[in-house]
Amino acid sequence: QVTYFTSLSRQQEFEGNTKSVIPLFSITYFLTITFSIVSCLRQSCVRNNVWLACCGVVSSGLAVLSSFGLMLFCGVPFVVTVANAPFLILGVGVDDMFIMIASWEQSSRKKEKSDVKSRLAETYGEAALSVTITTLTDVLAFFIGTWTAFPSVRSFCLYAGTAFVFCYIYTMTFFGAIIALNHKREQGNRHWLTCMRVGGDQAQKSCLYNACCIGTCSRESSQPEGEHPMSIFFKKYYGPFFTNKWIKLLVVLLYGTYLGGSIYGCTQIREGIDLRNLASDGSYVIPYYDDDDKYFSAYGPRVMVVITKSVDYWNETVRLGIENCTQNLESISYVDKNLSESWLRAYSELAKRGSININDKTTFISNLPILFNIVPSFKWDVNKTQDEIEASRFFIQTVNVISAVDEKNLLNQLRETAKQCSIPLMVYHPAFIYYDQYLVIVQNTIQNVVVAAGAMLIVSLLLIPNPLCCLWVTFAIASVIVGVAGFMTFWNVNLDSISMINLVICIGFSVDFSAHISYAFVTSGESSANERTIEALSLLGYPVLQGAVSTILGVVVLAAAKAYIFRTFFKIMFLVILFGALHGLVFIPVFLTFF
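Residues in the sequence shown are numbered consecutively from 1, following our numbering.
Honestly, the hints are just simulated from the structure, not real lab data.
This structure is a prediction, so every number in the text was calculated from the model and none was measured.
Glycine included, each C-beta is placed from N, C-alpha and C at the ideal position.
Please note that a few of the clues may not be correct.
[What the hints assert, rightly or not] SDA-like mimics (lysine to any residue), calculated; alpha carbons at most 25 Å apart, straight line:
no., residue 1, residue 2
1, K248, L259
2, K562, I433
3, K294, N409
4, K309, V405
5, K294, K419
6, K379, L320
7, K361, E349
[Unchecked claim] Computed spacing ranges between beta-carbons, pair by pair:
no., residue 1, residue 2, range
8, K309, G75, 28 to 38 Å
9, Q43, Q11, 23 to 33 Å
10, P465, S20, 40 to 50 Å
Starting from the given sequences, assemble the full structure and let the hints guide the process.
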């Protein structure tokens, strides 16, 4: 049985990941459109919002196209992680659409006979603030994410942030226009699909005709629709259930458990990426890593030490300097000095045995072919022109590199030792780029999360005219981040550059859910706290729920992906949305009633 691996394997497998995710994209679109249509269905054939739902999804799709086009035009590199972005934007764009539709339907209940202008004005007045806050926070979270040390994270944040901006523009312009056109059709009492007139003069036609063109067999024309059944559920059952004092106590206990679990999880967090996770599941790389672990786990990476400048190898002091450096590197606890391989040592030995004097430039260079005849592989270790040696390299073998901490220490020790050497040296191994993550990942994540959370607080202070409400939003952000970071550990997700992106996104999303509900609570006209909570929930409970479900539908397909990157993305997004919705629909409403 042979398992194999080349120096390019890691990169090629990593790039192959993107292609595997493209087919999933069409499934996501299908799911999102279906969900939007189902949640916009109405019994009356005139008030059916199917076209609104389709156009909402289309506007998200347009946003993806526009932003990707713009970014590729500007030459921002398209990295594997960017393939996650469309799934995300779809879910979020659809949220904005639901909030717009909810506001529009409300304005229609308030002013039955008013004109389109004043109703759209009212819709924008209500919805635009919510949508603007959430878009601003998401975009800010992404653009703050571009300050990181990881180019892949930077790319992802640029793509996603721009897509959100486009999504906002399209929702505010394109979608508003669609609402107005749809209203015109409703005013003319036309069927949602065929745009035929409904009711009036064709009332005497057969039942079959009515069912096809009117959508209902009965003869009456559609009367104005009442509240959505889900809003009634939130108002009559859900709200009062959670304002009961025993249930409130239960919620507080639940929250305590949640927080305790999260904080415990945060202390157990593991950093570092397992290299086999970079390949997709069926890849030939994985059995190689498994065999490597099983039979050769004692050996770490074979590190290449390069002498980067042209030095005088024929000068004895230079040779001693190089030997000295090599011995320093070999004295590191992670290096086995019996397994080093150096062409210079071999050459010196050969010269001693054949009593050739290599302290002279011409002899040194003219006798090298003898060495290459004995050990042909040394030819690759010396980069020589006619009469110069531009650069050369030797290898040292590392051992007992088991955990991420070992990898971190090894890297630091090797680099330190190379830096102190009198000869210009560089240490290199293809895996070092991954070890480098450990050096900065924790501080980078914390810095990003703190900066982003601060920015969210400022945004909510500017846009939500109530300081108390902002405190709640900030509290929700902190609570969701701790939850996601904690439960991420229980779900076997390490802290690496991939999950770091998600933690930054997480901030933007946790705002979405709680901002809507707390804003509705603060602006409510009711007298008692309990009634305010019930009103806020009946108003925005359903759109928030819709938003959560649509975002999860957007990323749920990724759970089936063959690559770890996309699965991680799904896991963290799922946690973010789950905890965000929990805060928005359970914890925050209950806590608001206490204060």
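Results for each hint:
Distance restraint check for K248 and L259: the Cα-Cα separation of roughly 16 Å lies within the 25 Å cut-off, and the hinted pair is therefore satisfied. With a CA separation close to 23 Å, the supplied pair K562 and I433 stays within the 25 Å bound. Taking the CA atoms of K294 and N409, the gap is about 23 Å. The hint holds against a cut of 25 Å. The straight-line distance between the Cα atoms of K309 and V405 is roughly 32 Å, outside the 25 Å bound, and the hint therefore fails.
At most 25 Å may separate the alpha-carbon atoms for a hinted pair to count; K294 and K419 exceed this at roughly 34 Å. For a cut-off of 25 Å, the pair hint linking K379 to L320 stands: about 22 Å separates their Cα positions. For a cut-off of 25 Å, the pair hint linking K361 to E349 stands: about 17 Å separates their Cα positions. Checking the proposed 28 to 38 Å range against K309 and G75 shows it holds: the Cβ atoms sit about 33 Å from each other.
The hinted window of 23 to 33 Å between Q43 and Q11 is violated, with their beta carbons roughly 56 Å apart. Look at P465 against S20: about 48 Å separates their beta carbons, and that is inside 40 to 50 Å.
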